[in-house]
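Peer 1: Sequence:
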Amino acid sequence: MENSSSNRIGIAVDSSCDLSPEFICKHGIEILPIYIHHADGTYQDDRNATAMADFYRGHSRSRYNTAQSEPLSVDDVTQIFEQHFLPKYDRVNVITINSRKSQVYNRVTEAAMINEPKFRDKSQRPTPFRIRMLDSYSMFSGHAVLVAEFAKLVHEKQESQAKAIARINALRDKVYGYIVPFDLSYMRERRNLRKGDHKISWLSYKLAETFGINPVIELHNGETHSFKKSKGYQGALKDLFEHAKSSILSGLATDTIVMSYGGLLEDIQNNPDLVEFRTFAKQKGVKTMLSMMSATAAVNVGPKAFSLAFAREEH
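Going by full-length UniProt numbering, the first residue of the sequence shown is number 1, and it counts up by one from there.
No lab work stands behind these hints: they were computed from the structure.
Do not take every clue at face value.
[Stated by the list, open to error] Pairs of lysine-lysine residues, derived as DSS-like cross-links and limited to a Cα-Cα distance of at most 27 angstroms, are as follows:
id: 1; residue 1: Lys245; residue 2: Lys304
id: 2; residue 1: Lys282; residue 2: Lys304
id: 3; residue 1: Lys228; residue 2: Lys101
id: 4; residue 1: Lys88; residue 2: Lys118
id: 5; residue 1: Lys238; residue 2: Lys304
id: 6; residue 1: Lys284; residue 2: Lys228
id: 7; residue 1: Lys282; residue 2: Lys26
id: 8; residue 1: Lys238; residue 2: Lys228
id: 9; residue 1: Lys26; residue 2: Lys287
id: 10; residue 1: Lys152; residue 2: Lys118
id: 11; residue 1: Lys157; residue 2: Lys88
id: 12; residue 1: Lys284; residue 2: Lys26
id: 13; residue 1: Lys101; residue 2: Lys229
id: 14; residue 1: Lys174; residue 2: Lys157
id: 15; residue 1: Lys245; residue 2: Lys282
id: 16; residue 1: Lys304; residue 2: Lys229
id: 17; residue 1: Lys174; residue 2: Lys88
id: 18; residue 1: Lys282; residue 2: Lys238
id: 19; residue 1: Lys245; residue 2: Lys228
id: 20; residue 1: Lys245; residue 2: Lys284
id: 21; residue 1: Lys228; residue 2: Lys304
id: 22; residue 1: Lys287; residue 2: Lys163
id: 23; residue 1: Lys245; residue 2: Lys231
id: 24; residue 1: Lys287; residue 2: Lys157
id: 25; residue 1: Lys304; residue 2: Lys231
id: 26; residue 1: Lys26; residue 2: Lys88
id: 27; residue 1: Lys174; residue 2: Lys282
id: 28; residue 1: Lys152; residue 2: Lys287
id: 29; residue 1: Lys287; residue 2: Lys228
id: 30; residue 1: Lys238; residue 2: Lys174
id: 31; residue 1: Lys284; residue 2: Lys174
id: 32; residue 1: Lys304; residue 2: Lys287
id: 33; residue 1: Lys26; residue 2: Lys163
id: 34; residue 1: Lys26; residue 2: Lys157
Working from the sequences, and respecting the hints, build out all of it.
Peer 2: This is the structure:
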């Protein structure tokens with residue numbers, strides 16, 4: 001792309017944002033890594049496609065069941081700002097995972113507050129360097145819905161940053177994300193490791209185990225809710241796709257639905273219900289993006305989990 005004012009506006013996300021490698025490359029999205037401390041050491045989650053594939057091939061409960069994710073430190077973020085962002089951009093918009101579920105937003109905000117004045121003093125340029133923080137109020141594919149819309153507005157429609165930010169702020173409450181876990185016992189074992197997350201009680205887990213019930217979990221406006229209980233994992237996927245179809249027909253607030261899978265894409269992309277849903281969406285003029293789920297997400301919700309999100313107009 002030619003060097004234009006829109007190209008001086010950077011977009012940065014933490015690695016839990018489930019964007020496809022193609023989209024990241026096309027829009028020059030900057031990735032802030034998250035560290036995963038596991039039984040055998042530390043894994044850096046930076047959405048590198050090869051590393052993500054290796055992560056899923058080598059995933060095991062013994063290695064990752066008690067793993068903990070950790071955002072970059074303030075010093076780490078400062079270094080990225082100074083070495084990578086300051087030379088390339090006049091404005092950097094950092095859109096993060098829901099701040100109620102992660103410290104990413106707080107760490108980056110602290111680094112921005114400390115360093116932005118210093119960068120302005122050091123940088124001899126007509127346009128002062130600025131860092132703008134946005135909390136997505138969402139996670140994983142829901143986070144990606146907002147970033148996809150922001151990138152489209154800035155890079156494709158050439159909207160001003162102010163208009164793009166106003167649009168995202170108005171859109172956040174309309175984003176609905178869903179997760180279909182594959183292994184409830186994995187999530188049950190990890191529930192005490194996730195701050196404020198006690199959605200899978202012993203009773204609901206035993207009922208699900210006994211009757212083959214698989215939940216669909218909804219993430220909306222920073223909160224997690226039980227959305228639907230379905231018969232098995234495949235039944236939950238089918239129910240989720242039907243719900244997404246209904247939402248398309250009712251009216252979406254953006255033209256993109258984002259999906260991610262906690263494993264190799266070759267294991268899910270030919271799923272008949274997924275294929276049929278993507279065909280339906282295309283016929284209705286809705287784009288679908290499918291990527292590998294971030295390692296950060298998979299550690300917390302389990303391998304083979306499926307995530308889907310869209311922004312829906314209220315009716």
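Peer 1: Holds or violated: are the alpha carbons of Lys284 and Lys174 at most 27 angstroms from each other?
Peer 2: holds, 20 angstroms
Peer 1: Starting from Lys304, check that the Cα of Lys231 is at most 27 angstroms away, please.
Peer 2: Holds, because 17 angstroms separates the two Cα atoms, which is no more than 27 angstroms.
Peer 1: Run the distance test for Lys282 versus Lys304: straight-line Cα separation, threshold 27 angstroms.
Peer 2: holds, 25 angstroms
Peer 1: Taking 27 angstroms as the top limit, are the C-alpha atoms of Lys174 and Lys88 close enough?
Peer 2: violated, 32 angstroms
Peer 1: CA of Lys157 to CA of Lys88, is that 27 angstroms or under?
Peer 2: It holds: about 21 angstroms lies between the C-alpha atoms, which stays within 27 angstroms.
Peer 1: Can the restraint linking Lys245 and Lys228 be considered satisfied, given a maximum Cα separation of 27 angstroms?
Peer 2: holds, 16 angstroms
Peer 1: Would you mind confirming whether the straight-line C-alpha gap from Lys304 to Lys287 stays at or under 27 angstroms?
Peer 2: holds, 23 angstroms
Peer 1: With a cut-off of 27 angstroms on the C-alpha distance, tell me whether Lys304 and Lys229 pass.
Peer 2: Holds, at roughly 18 angstroms.
Peer 1: For the pair we were handed, Lys174 and Lys157, check the Cα-Cα distance against 27 angstroms.
Peer 2: Cα-Cα ~21 angstroms, so holds.
Peer 1: Taking 27 angstroms as the top limit, are the C-alpha atoms of Lys228 and Lys101 close enough?
Peer 2: holds, 22 angstroms
Peer 1: CA of Lys282 to CA of Lys238, is that 27 angstroms or under?
Peer 2: Between Lys282 and Lys238 the Cα gap is close to 18 angstroms, so the pair holds against 27 angstroms.
Peer 1: Under the criterion that the straight-line Cα-Cα distance not exceed 27 angstroms, is the pair Lys245, Lys231 satisfied?
Peer 2: With Cα atoms ~19 angstroms apart, Lys245 and Lys231 stay inside 27 angstroms; holds.
Checked against the numbered hints above, the structure violates hints 10, 17; every other hint is satisfied.
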